[in-house]
Amino acid sequence: MIPRELKESLAQHIASIDHPRELVVDVMFAVQDHYGYLSDEAVEEVAELLDMSPLEVEQLATFYTFIYREPVGKYVIHVCDSVICWMEGHESLLDHLSGKLGINLGETTPDGMFSLLPVCCIGYCDRAPAILINKKVYGPLTIEKLDDILEKLRAEGLTPSI
Amino acid sequence: MSKLELRERFASIQRESERRNEEKNKESIPTIFIVMSTCGLASGATETKQAFEEALSEKSIKARIVPVGCLGHCYAEPLVIIDHPTAGFPPICYYQINADRARILVRSYLEGGDPVLKYVLGAMEENDLIPAVMDFPRFSLEQRLVMEHCGHIDPNDIYQYVAKGGYSGLVKALEAEPEEVIDLVEKSGLRGRGGAGFPTGRKWRIARATEIDDKFVICNGDEGDPGAYMDRTILESNPHQLLEGLAICAYAVGANRSIAYVRAEYPLAVKALQKAIKSAEELSLLGPSILGTSFNFEVSVFQGSGAFVCGEETALIQSIEGKRGMPQHRPPFPVEKGLWGRPTVVNNVKTLSSVPSIILRGPEWFRTIGTEHSPGTAIFSVVGNVKHPGLVEIAMGTSLRTLIFDVCGGIPKKKEFKAVQIGGPSGGCLPSSFLDTPIDFDSLTQAGAMMGSGGMVVMDEDSCMVDVSRYFLDFTQKESCGKCTFCRIGTNHLLNILDRITKGEGREKDLELLETLSKDIKDGSLCGLGKTAPNPVLTSLKYFREEYEAHINEKRCPALKCRTLIAYYIDLEKCARGCEVCVGCCPVDAIFTTKGRKKAIDQELCVKCGECRSVCPPEYDAVFKVSPPELAPIIERPPEEKKESKKSAV
Ligand SMILES: Cc1cc2nc3c(=O)[nH]c(=O)nc-3n(C[C@H](O)[C@H](O)[C@H](O)COP(=O)(O)O)c2cc1C
Ligand code: SF4
Ligand code: SF4
Ligand code: FES
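These protein sequences, in sequence, are chains A and B. Position in the first sequence (from 1) plus 1 gives the number in this note's numbering. Position in the second sequence (from 1) plus 5 gives the number in this note's numbering.
Quick caveat, the hints were computed from the structure, so don't treat them as lab data. Please note that a few of the clues may not be correct.
Said to hold, decoys possible - In silico EDC-like cross-links for lysine to aspartate or glutamate, where the CA-CA straight-line distance does not exceed 20 Å: (1) A:Lys-75 - A:Asp-112; (2) B:Lys-276 - A:Glu-49; (3) B:Lys-283 - A:Glu-49; (4) B:Lys-328 - A:Glu-89; (5) B:Lys-328 - A:Asp-52; (6) A:Lys-75 - A:Glu-89; (7) B:Lys-328 - A:Glu-157; (8) B:Lys-547 - B:Glu-616; (9) B:Lys-566 - A:Asp-112; (10) B:Lys-613 - A:Glu-6; (11) B:Lys-566 - B:Glu-585; (12) B:Lys-8 - B:Asp-133; (13) A:Lys-146 - A:Glu-157.
Remember, predicted model here, so these are calculated numbers, not experimental data.
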């Protein structure tokens, strides 16, 4: 269950506008922020809030790149696989990433730290090859820079947040 | 409410903006402008800013730090402009200022008065001491209307935009009748910058003419074309100009609500826009009864994070309505029946951002820039194999050659220009014979490319056109929403054919097949995505047909790119006895020592990564790439060594 305050503030926002369905993506993001991903329970909750059927929410959830229907790692890495990044060598970057993390695209490391996902052009082509980690952009990347970033994140990720 | 009152209320905002400006100038302390848009941040502008702050406080120097948006010089980030009024220099623009250089600048320039010439890009004003940036081709050839203030103002400070004349266009519009505003836009000849180039004034007029009161205006900031990021930059660097344009549009067509659709991939742009909306509301430049008039206008931000196809206007509307973003049949067009069944104007970020200056300076002025049928400027993000990638705004009608070679510095590494892809996955690839084509809607379409939303990918001689087309198709194939059979299955089929051609398995009839299939996809698709998906293939077939033929008939990749069609070998004459550099870098232990104590490549093991070629010392330069692979001389590996290496390779 999402916390009562969150539910109430969402319900309030929904009640205040003419076409509540316009908020479905925002609501999915808000609920996802709470659970870390959009669980089955979350889908039901979103549907209830917006007076939609869970199936309708499900259809949307699977359409949007940044809505996750399965648990994801603490750091979600989106690797751009569009043409500029490809020209600048994203393939070897991806090989390196999946080798280093021991996972393929679409998977999460067993320790729950990293998920690896593809994404189409993220509009940072001037920094190709570029990736997003939790929506923050990194680039232009080399294998060395990538290693540095991963190391930093791993260290950060291991320190328990207060 | 009279025009006088409206003017008076706005004048008080202008006075406040002036007062703030004067207050800043009163203290003649240095100002440090730091580019803090995404490109700046990704190159370390945060660290730069912190270093400035620390160094200033250490040395107890008083200076103002102002974060500004993007100047478009992505290659030179982090960019910093320092205005040091007492040093005797004009404001100076510095490039690639990291934390260390920031400290040096504080010490040498702010404290010592020495402007540190080696970090200078140029002066921001003409002077006798330092070359001015205006004299560089990049600056002098550019003509900035939409991005005029990007990089010169703090996007989070509405008063800075007002100081540049911001929101005066809105006030002028509010003084006029809506029809008059539409007249101005129509006369200016402004065409939509979202790709299709539809006349903006005409679109507004249709929306105005509909009987229904409840109308919407949507700003399309979905920008999904690979290679394009202009809209992001405008949103991050000067969101107020867009809001002003939106408000003018809404006033003209009679709408009271607007949605700005921005990709969730652009968190900084979303934040900047939300903040801008809030501060405009506080000054009554947006919101209920704007500046005391009867015009109410509310803007909200919608974060899309769907797919490329969501940029198509009907799909975008579906997405806002909380449905999957799938294109719908047109007609009815959104201007007749759009969001929630209401008349809806959808315009691109750049289109709307062009509007304020048209209203303020008049359509005649706008028409002096650009060409007769494409007035105004074009904004491109030029990426790929160019020396100075970045955002460029040029007058329509400028040639591709000027843009690529003069403005963006040409092709790096002494390579030859080969082709330029304009209009992203819907556009086309033009060869060097088209370099003198003027950039405008009609000339580009005629050449087989299209304006698109402004992504421009420059390719050098090492690019294989078959492979590039394959990659563009890979994109559209993944991004097809799947509604139309031809788009869904046809693009997949095209991709398979291209795949096999790049692997050297192309068949004699493949080129014809590509052409007929392309035609079927164009005819059988509902929206622009499918209708234009085959364009990269068709244009490259038209201009680089011999490359396709080489792949199919000779199993040869002329650009030496397609892995299955190439081989690496080491020239025994050139290889230095005793040099071992390449051996260690090979990921599969394919390099062995010959009887003559030189190195050679085991073609069976080699995965063609190219590492050995890049590490071979330039004085030997012994590793070569050839196509077809049979051209590589075969050198037998001594049997005992072969076994050993194979083991370690597993
Ligand atoms: C597949 C596809 C993607 C599109 N993506 C965008 C986009 O990212 N931004 C945009 O402004 N227009 C995009 N368009 C064009 C829009 O449908 C629409 O024509 C445009 O937003 C109208 O604005 P304008 O008249 O100002 O150009 C796209 C069209 C298609 C078919
Ligand atoms: S052409 Fe392609 S993307 Fe467009 S509606 Fe049809 S299937 Fe969808
Ligand atoms: S191209 Fe790569 S795999 Fe082949 S020999 Fe050179 S380093 Fe080894
Ligand atoms: S192609 Fe990768 S960010 Fe645009």
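Structure-based check of each hint:
1. For the hint pairing Lys-75 of chain A with Asp-112 of chain A, the CA-to-CA distance comes to about 9 Å; that is within 20 Å, so the pair holds.
2. Restraint check for Lys-276 of chain B and Glu-49 of chain A: the C-alpha separation of about 29 Å exceeds 20 Å, so the hint is violated.
3. For the hint pairing Lys-283 of chain B with Glu-49 of chain A, the CA-to-CA distance comes to about 30 Å; that exceeds 20 Å, so the pair is violated.
4. Restraint check for Lys-328 of chain B and Glu-89 of chain A: the C-alpha separation of about 35 Å exceeds 20 Å, so the hint is violated.
5. Note on Lys-328 of chain B and Asp-52 of chain A: the hinted pairing holds, with a Cα-Cα distance of about 14 Å set against a maximum of 20 Å.
6. Of the pairs offered as hints, the one joining Lys-75 of chain A and Glu-89 of chain A is violated, with about 28 Å between alpha carbons and a cut-off of 20 Å exceeded.
7. Restraint check: the Cα-Cα separation between Lys-328 of chain B and Glu-157 of chain A comes to about 38 Å, which exceeds 20 Å; the hinted pair is violated.
8. Taking the CA atoms of Lys-547 of chain B and Glu-616 of chain B, the gap is near 34 Å; set against the 20 Å cutoff, the hint is violated.
9. Note on Lys-566 of chain B and Asp-112 of chain A: the hinted pairing is violated, with a Cα-Cα distance of about 38 Å set against a maximum of 20 Å.
10. With a CA separation close to 58 Å, the supplied pair Lys-613 of chain B and Glu-6 of chain A exceeds the 20 Å bound.
11. The straight-line distance between the Cα atoms of Lys-566 of chain B and Glu-585 of chain B is roughly 26 Å, outside the 20 Å bound, and the hint therefore fails.
12. With a CA separation close to 47 Å, the supplied pair Lys-8 of chain B and Asp-133 of chain B exceeds the 20 Å bound.
13. Simply put, Lys-146 of chain A and Glu-157 of chain A have alpha-carbon atoms about 17 Å apart, close enough for the 20 Å limit, and the pair holds.
Checked against the numbered hints above, the structure breaks hints 2, 3, 4, 6, 7, 8, 9, 10, 11, 12 and satisfies the rest.
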